[in-house]
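Generate the whole structure from the sequences, applying the supplied hints.
There are 2 protein chains.
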Amino acid sequence: MPTSTALTAAGAAPPEPLAPNLQARRIGIDTYRENVVYLRRDCPLVRAEGFQALAKVEVASNGRAILAVLNVVDDARMLGECELGLSEETWAQLAVADGAPVTVRHAEPPPSMWALKRKIAGERLGADEFAAIVRDITAHRYSKIELAAFVVATDQFALDRDEVLYLTQAMVDVGQRLEWPQQQPVVDKHCIGGIPGNRTSMLIVPIVAAHGMLIPKTSSRAITSPAGTADTMDCLAEVELPFERLREIVREHHGCLAWGGRAALSPADDVLISVERPLSIDSPGQMVASILSKKIAAGSTHLVLDIPLGPSAKVRSMVQAQRLKKLFEYVARHVGMTLDVVITDGRQPVGCGIGPALEARDVMQVLHGDPGAPADLRNKALRLAGRVLEFDPDLRGGDGFALARDILDSGRARITMAAIIEAQGTRGFDWRDPPLAAMTHEVTSSATGAVTAIDCERLSRIARLAGAPKAAGAGVDLLHKIGDPVASGEPLYRIYAETMAELQFAREVATRASGFRVGDASDAGAAGEFAPEF
Amino acid sequence: MPTSTALTAAGAAPPEPLAPNLQARRIGIDTYRENVVYLRRDCPLVRAEGFQALAKVEVASNGRAILAVLNVVDDARMLGECELGLSEETWAQLAVADGAPVTVRHAEPPPSMWALKRKIAGERLGADEFAAIVRDITAHRYSKIELAAFVVATDQFALDRDEVLYLTQAMVDVGQRLEWPQQQPVVDKHCIGGIPGNRTSMLIVPIVAAHGMLIPKTSSRAITSPAGTADTMDCLAEVELPFERLREIVREHHGCLAWGGRAALSPADDVLISVERPLSIDSPGQMVASILSKKIAAGSTHLVLDIPLGPSAKVRSMVQAQRLKKLFEYVARHVGMTLDVVITDGRQPVGCGIGPALEARDVMQVLHGDPGAPADLRNKALRLAGRVLEFDPDLRGGDGFALARDILDSGRARITMAAIIEAQGTRGFDWRDPPLAAMTHEVTSSATGAVTAIDCERLSRIARLAGAPKAAGAGVDLLHKIGDPVASGEPLYRIYAETMAELQFAREVATRASGFRVGDASDAGAAGEFAPEF
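Read top to bottom, the protein sequences are chains A and B. Just so we're aligned, residue 0 is where the first sequence starts under numbering that gives the first Met the number 0, counting upward by one. Just so we're aligned, residue 0 is where the second sequence starts under numbering that gives the first Met the number 0, counting upward by one.
Worth flagging that the hints you see were computed from the coordinates, not collected in a lab. There's no promise every hint is true.
[As the list claims (entries may be wrong)] BS3-like cross-link-like pairs, simulated, lysine-lysine; straight-line CA separation at most 27 Å: (1) LYS325(A) x LYS116(B); (2) LYS116(B) x LYS55(B); (3) LYS116(B) x LYS324(A); (4) LYS325(B) x LYS116(A); (5) LYS116(A) x LYS324(B); (6) LYS116(B) x LYS116(A); (7) LYS469(A) x LYS324(B); (8) LYS480(A) x LYS469(A); (9) LYS116(A) x LYS55(A); (10) LYS55(B) x LYS55(A); (11) LYS469(B) x LYS55(A).
Okay, structure coming up:
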């Protein structure tokens, strides 16, 4: 007969510890944003707790606890019997010393799991539920699988506009918030992305700052694109600056162009991106919450938002663009942000260069009034800068463009940009002889006619394969844009790469499909059906 | 100026290999169903291909290629500069020798990615699209994130009944299919799960086999429950048998009770479970596709399906039960399977034992006509066996129950079970003194009255924490069922565990909430609002 321990439900708990101590050991494995810990199969705790590989565990040391995925180790050389291996990410988060005592136990499901399940079931969530989910995401309590479930369950039209508002507020609440010096509007400009070469911010900031408005621009690095504003600015100046230094620069020059990553402006968004990226999900609700939460956290009060519209852009129909515009406006209004949404021509890349150094060259050509400067980049930047300038109550509606043009053509924008570059720490970039990658390959037209279409996605992919943004001098330089006449055999664009292997990758894909359509010149007209504002 | 390599789109490819060779090295890390490979950060290929941690890569050797997730190693002791580390799962799949040459390159997205994206966007998919998705899932081409996306995008009412049919057929097409000896109906019985102790199959198989109908039962092991039929049968006999041996047993005894895992009956389902489990998603469409694809693959032509209905069962309202029933019937009809769906009383566990040995004891008590045998288990098994027997064209409708009772009470079922146990390989289980775990704890009632409810989920959880099913003798033994009068302080159930730690885990949870409701005797009536068939 079994021996009874004579415990009763009301009896005292025995002294035996439920989660015995192990010793922490750093395992030099980089698991990116995923927390992974390692235990030996013959570790007594593995048997006692019934741990299996891929189990979610809670690891605690010194009052700090994190969640991680367990990998079970069969190789006795890797780990001692009573050691807990920590991947680099886990090691950094737990911040323990080698050999420090750690405890491991089965993780409880994240507290917001019930809310996630309701959303998966298609129910409508309230503000509290979004807050609970976003708190758990930020605390790394969601596994990859749970993150993917949240992203898919809130994709497309699965969120109504109030839910998007709740999600935005929840994302703001878990992040830091920057405070800028003066009591006045803090203006900003943002693009939803998808168009290579679209570096208007680097022109808008010096123009608007030269006018005396505060435009402390924090940008991201490229995630899926060949260059972000931060990557491009990085060619010209230091972009990773302590916040106190940025405040000083903004106080003196009214603007800056820095990387926003350090500030943890939207930590929930940083986690969500890790699953949105592999699924290439970019749903309206998540986009609005992601962008507006970051802008609020960055301290912006007035925002001009650029939604490019085109057949290979993120937004591919005017109906979709209008719906997205209204969703942005609804949420912005309820979080107290002044927003001006502009739907722009997104049928092709902006400017010529695609890749950090090539795009930096384009920007500097425009600032210096170089005759070879890309006219489309200049024009788009002036129009958007004009809209930002019109946030100035002293400016008449419609006068922004002319003022922006005056500031640019007078050289004041160039002087302000030079001052900002100097203040952030110049790289000594020479726009007349930019540091481009050494290996090149020209892709030529197989037909005679006019360029009728350029596929933004394809060109981005080719530039990335060539090494951008990691290799700053790599990328693609467009030699023709829509409407240009080309002859068969004439180069359409030039690929730049640092290594032969990268050049080959890019070339292979370009050979299969160049991303350019050359046809009858009459097909290469204006935006036509898309009819954006500009 | 950059040096041009003078390559043209039409030029010959240079001899440089795009995916240089590395050497395979087994890394003793168990990553369960996830393929993980390891590369050193300073490996030249990591730089050349721009690999980052968590990248999806294709690993090839000897004409075999698999997909895996990359972890980047910073510790030079773990791995050589030109070595590719393979986790246990990856090592097994690639089947290479230590030091064998392997190539690694960026994985192309799974071919069915476009179909997955359409489903995420809420569109309706056709048969070809489901086939493409299921092929990719089976070939391990989906990452955890993509699997989670599929599971959530097809959850709840996201699939119409034709889509469920397509998914079922696609899942059948990628698996093996068992063929049984005679040209006659192959009958089966299945329960959708969720009710602990519900081991009717172990009674139905000997009853139906004793009547001479073919019932080759393959069951799964527990996934989230404290015992599956395979775990319970494992207490009595060997359950992991080669298929040829099972055919012999079925030829001789008309039935078997084996583990179905070896046969790869529904390999796609095996992969999907790895994400459905952590999300505890069990949507109607996925349930129907999973169950019917497995039954078709197992060679069944006639199936009785048990849908338990109760407040803590998987199905919690009659409307939901009816909807699920019709979905099962629709798909079964179109795949040519004869199906009889029965909605049963799922308000509490069936029998007394919860856990492999305890449930095996209950089954043997019923087979031996022991006076202490749980009456509800006996009754439910006889009713379901009766429905299976009525697939016999020579039997009158309504005569099944009486025939089943005759076969059981005459001892013929017991004799058939003994023969099946002997044929599969007996464990010498003594049902009068079953091998239960040594440590016990009794949970007592805090009130006087009658048992009015028993929470199936709670009792399952307590039995699992006590060690079931891994520890076969662990679990919970119910001392009272709904309707029983109990006095304050009287034991409600007994927990069995092998280790003090496990007993403590289970006890802690039972102390917080026992899973029993004791109240006014008049509340503990019949199924009432649920009104199942039995």
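- Query: When you check the alpha-carbon spacing of LYS469(A) and LYS324(B), does it fall within 27 Å?
  - Reply: 56 Å, violated
- Item | 27 Å limit on alpha-carbon distance, applied to hinted pair LYS325(B) and LYS116(A) | Status holds; Cα separation ~25 Å.
- Taking only the CA atoms, is the gap from LYS116(B) to LYS324(A) under or equal to 27 Å? 23 Å, holds
- Take a quick look at whether LYS116(A) and LYS55(A) sit within 27 Å of each other, Cα to Cα. Cα-Cα ~18 Å, so holds.
- Starting from LYS116(A), check that the Cα of LYS324(B) is at most 27 Å away, please. 23 Å, holds
- Straight-line Cα separation of LYS469(B) and LYS55(A) no greater than 27 Å? This hinted pair holds, its Cα atoms lying about 18 Å apart.
- Message: Tell me if the straight-line CA distance from LYS325(A) to LYS116(B) falls inside 27 Å.
- Response: Holds - the C-alpha atoms of LYS116(B) and LYS325(A) are around 25 Å apart, at most 27 Å.
- Message: For LYS480(A) and LYS469(A), compute the direct alpha-carbon distance and say whether it is at most 27 Å.
- Response: Holds. LYS480(A) to LYS469(A) sits at ~26 Å (cutoff 27 Å).
- Task: For the pair we were handed, LYS55(B) and LYS55(A), check the Cα-Cα distance against 27 Å.
- Result: Given that 27 Å is the threshold and the Cα spacing comes to 22 Å, the pair holds.
- Message: For LYS116(B) and LYS116(A), compute the direct alpha-carbon distance and say whether it is at most 27 Å.
- Response: At roughly 21 Å apart (the allowed maximum being 27 Å), LYS116(A) and LYS116(B) satisfy the hint.
- Agreement of LYS116(B) and LYS55(B) with the hint, judged by alpha carbon distance not exceeding 27 Å: 18 Å, holds
The structure is inconsistent with hint 7 alone, although it conforms to all the rest.
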